[in-house]
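**Student:** Those protein sequence lines, which keep their order, are chains A and B.
Sequential numbering of the first sequence, starting at 1, is according to this note's numbering.
Sequential numbering of the second sequence, starting at 1, is according to this note's numbering.
Rather than coming from a laboratory, the hints here were simulated on the basis of the structure.
One or more hints might be untrue.
[Unchecked claim] Below 30 angstroms or equal to it, Euclidean Cα-Cα: the simulated DSSO-like pairs (lysine-lysine) are:
1) Lys10/B x Lys8/A
2) Lys7/B x Lys184/A
3) Lys46/A x Lys59/A
4) Lys46/B x Lys135/A
5) Lys167/A x Lys7/B
6) Lys195/B x Lys167/A
7) Lys184/A x Lys10/B
8) Lys135/A x Lys54/B
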Amino acid sequence: MTEKLKQKWRTCRRDPKSFFLFLAVHLAACFTMLALLFIIIYILVKGIPHLTPELFSPKYTSENVSLLPALVNTLFMTVLSLLFAVPVGVGAAIYLAEYAQRGNRWVGLVGVTAETLSGIPSIVYGLFGSLFFVKYLGFGLSLLSGALTLSIMILPLIMRTTEEALKSVPDSYREGSFGLGAGKLRTVFAIVLPCAVPGILSGVVLGVGRIVGESAALIFTAGTVAEIASGIFSSARTLSVHMYAISGEGLYIDQTYATAVVLLAVVIFINALSGYAAKKIGGEQNDE
Amino acid sequence: MRNIREKAMKCLFFLAACVSVAAVVLICAFLFANGIPAIREIGPLKFLLGTTWKPANGLYGNLPMIIGSLYVTAGALVIGVPVGILTAVFMARFCPGQIYRPIKSAVNLMAGIPSVVYGFFGLVVLVPLVRDTVGGRGMSVLTASVLLGLMILPTVISVSETSIRAVPQSYYEGGLALGASHERSVFYTVLPAAKSGIFAGVVLGIGRAVGETMAVMMVAGNQAVIPESITAGVRTLTANIVLEMGYSTDLHREALIGTAVILFVFILIINVSLSLFIPASTKIFQIHWRSRAYTGNNAGKSQKSRV
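Please build the complete structure, drawing on both the sequences and the hints.
**Tutor:** Next comes the structure, spelled out in structure tokens:
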């Protein structure tokens with residue numbers, strides 16, 4: 001590295017512009033990495049000392065500011081959202097990749113709406129959820145309203161990744177299956193879908209990441225009750241909402257740091273998981 | 001029997017594909033049905049261009065929030081775009097093979113950090129920093145811009161990187177063959193060829209910055225007035241909705257939905273401009289999704305081909 005730098009320094013006088021560009025590119029990359037490291041390390045250093053057992057007591061009171069109920073609710077919310085989003089997303093992707101004719105107008109429309117959905121800000125989802133699920137359908141501020149809102153939010157993500165995964169399955173697999181006398185449906189479920197599982201999983205994992213990190217869309221749909229939800233119709237705050245709620249009060253800065261540590265740990269774990277899924281896909285492709 | 005099952009499942013898949021269309025239609029319908037009457041009652045001009053937002057006095061001018069959102073987004077671009085594009089260039093063309101993977105996963109992690117965590121970080125680090133070094137109360141346009149600039153980095157980076165990688169290697173080699181240095185070859189042949197993809201990344205970044213809610217709200221100060229300097233507090237469209245939705249009623253509530261309509265139209269304009277001005281936008285989108293899903297899948301290969 002120093003050897004390379006010296007060489008660069010020598011070219012500096014001859015070609016200052018190249019040297020400047022070289023420097024700018026490296027500085028930018030360093031800035032990005034340092035910013036991320038600084039955020040993570042700062043939160044960890046400030047937060048880990050405050051990770052007390054009190055924070056994990058099963059019941060939330062204004063004294064212990066326990067995050068355990070929120071953590072459990074996050075799990076409920078994730079499972080419930082995936083329960084809606086994965087079947088619909090995968091089904092839609094199967095239609096787009098396996099059934100729809102190329103150049104179909106309807107396919108184009110589905111693509112455009114999926115892009116639109118992925119661009120809508122989360123607060124607009126929150127507002128829509130509170131108008132539609134909470135008020136119009138009468139679900140109230142509840143786990144169910146929140147999960148339905150989130151499932152619309154992650155739908156395009158799951159659709160896109162599944163569609164990509166299905167399209168990367170070689171056509172010869174399908175032809176082989178048809179050749180052995182299997183119908184379309186059997187081909188899809190027994191041959192194509194299993195091959196696409198790692199791709200679908202990485203999409204699902206990304207979706208989980210968005211669910212865990214979401215707060216704006218949940219405040220007006222799932223509410224901010226800091227108890228473990230007793231059913232899908234009871235209001236519950238997830239970890240992100242919990243963190244927002246306690247950071248706003250100004251009394252619980254230490255606990256907020258600790259909550260941020262837990263939230264970061266969850267997000268890092270999810271990212272590692274998606275990285276693992278990606279590696280698996282890469283490995284399979286190398287085998288071919 | 002088998003035939004019926006095939007048909008039924010095809011129907012089911014088709015219905016699933018319709019859900020996203022239905023969702024967009026429903027979102028439009030509910031936002032517009034609830035927001036437009038209020039805008040009409042207040043008066044579209046007053047609603048869009050009024051400079052005072054005082055629901056208690058029946059004044060619902062959204063101009064401070066619109067300008068606030070624009071300022072903050074512009075500020076985020078000033079920081080996020082140059083750093084993002086240069087980092088993408090580094091990752092695609094300068095990065096030694098063995099540190100590529102860690103950097104790529106770091107960028108993905110950056111995209112995955114929840115906005116409340118960014119917001120809290122801004123609140124405890126950036127706000128005091130700005131207060132002590134630049135002045136003002138710390139919660140300001142500047143603070144929000146810096147924080148948002150960091151938050152849009154991963155979007156700009158990953159889209160730019162994939163589009164830089166999509167440029168044929170021969171462009172770069174042609175540059176070298178004409179005697180250009182590595183840097184000049186990358187910046188004067190590869191980068192211009194990737195500009196539509198990079199532009200798409202920037203536009204996606206704008207979308208993210210305009211739509212960001214919690215993080216901005218926690219550091220921007222949220223005064224509903226047009227900011228006079230970069231150290232003055234600012235309220236964005238998104239923050240306006242979250243701040244007042246909880247306790248609003250009647251016309252006030254509908255005016256907030258009207259604010260969401262403005263925001264929604266903003267985002268629609270951004271989306272449409274993406275697909276209008278960039279012919280290959282759908283392709284870029286797919287690349288974008290893929291790059292997010294399969295973390296740096298083809299990275300190893302192209303690295304090898306370069307070295």
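**Student:** Take the hints in turn and mark each one as holding or not.
**Tutor:** Do the hints match the structure? See the list:
A C-alpha spacing of about 61 angstroms is found between Lys10/B and Lys8/A, which places the hinted pair above 30 angstroms, so the restraint is violated. Using a Cα cut-off of 30 angstroms, the hinted pair Lys7/B and Lys184/A holds, with the two alpha carbons roughly 10 angstroms apart. Between the alpha carbons of Lys46/A and Lys59/A the distance comes to roughly 24 angstroms, so the proposed pair stays at or under 30 angstroms and holds. Between Lys46/B and Lys135/A, the direct Cα distance comes to roughly 29 angstroms. Compliance with the 30 angstroms bound is thereby established for this hinted pair.
The suggested pairing of Lys167/A with Lys7/B holds, with an alpha-carbon distance near 22 angstroms, which does not exceed 30 angstroms. For the hint pairing Lys195/B with Lys167/A, the CA-to-CA distance comes to about 27 angstroms; that is within 30 angstroms, so the pair holds. For a cut-off of 30 angstroms, the pair hint linking Lys184/A to Lys10/B stands: about 10 angstroms separates their Cα positions. Among the hinted pairs, Lys135/A with Lys54/B is consistent with the structure: their alpha-carbon atoms are about 26 angstroms apart, no more than 30 angstroms.
Comparing the model with each earlier hint shows a violation of hint 1 alone; every other hint is respected.
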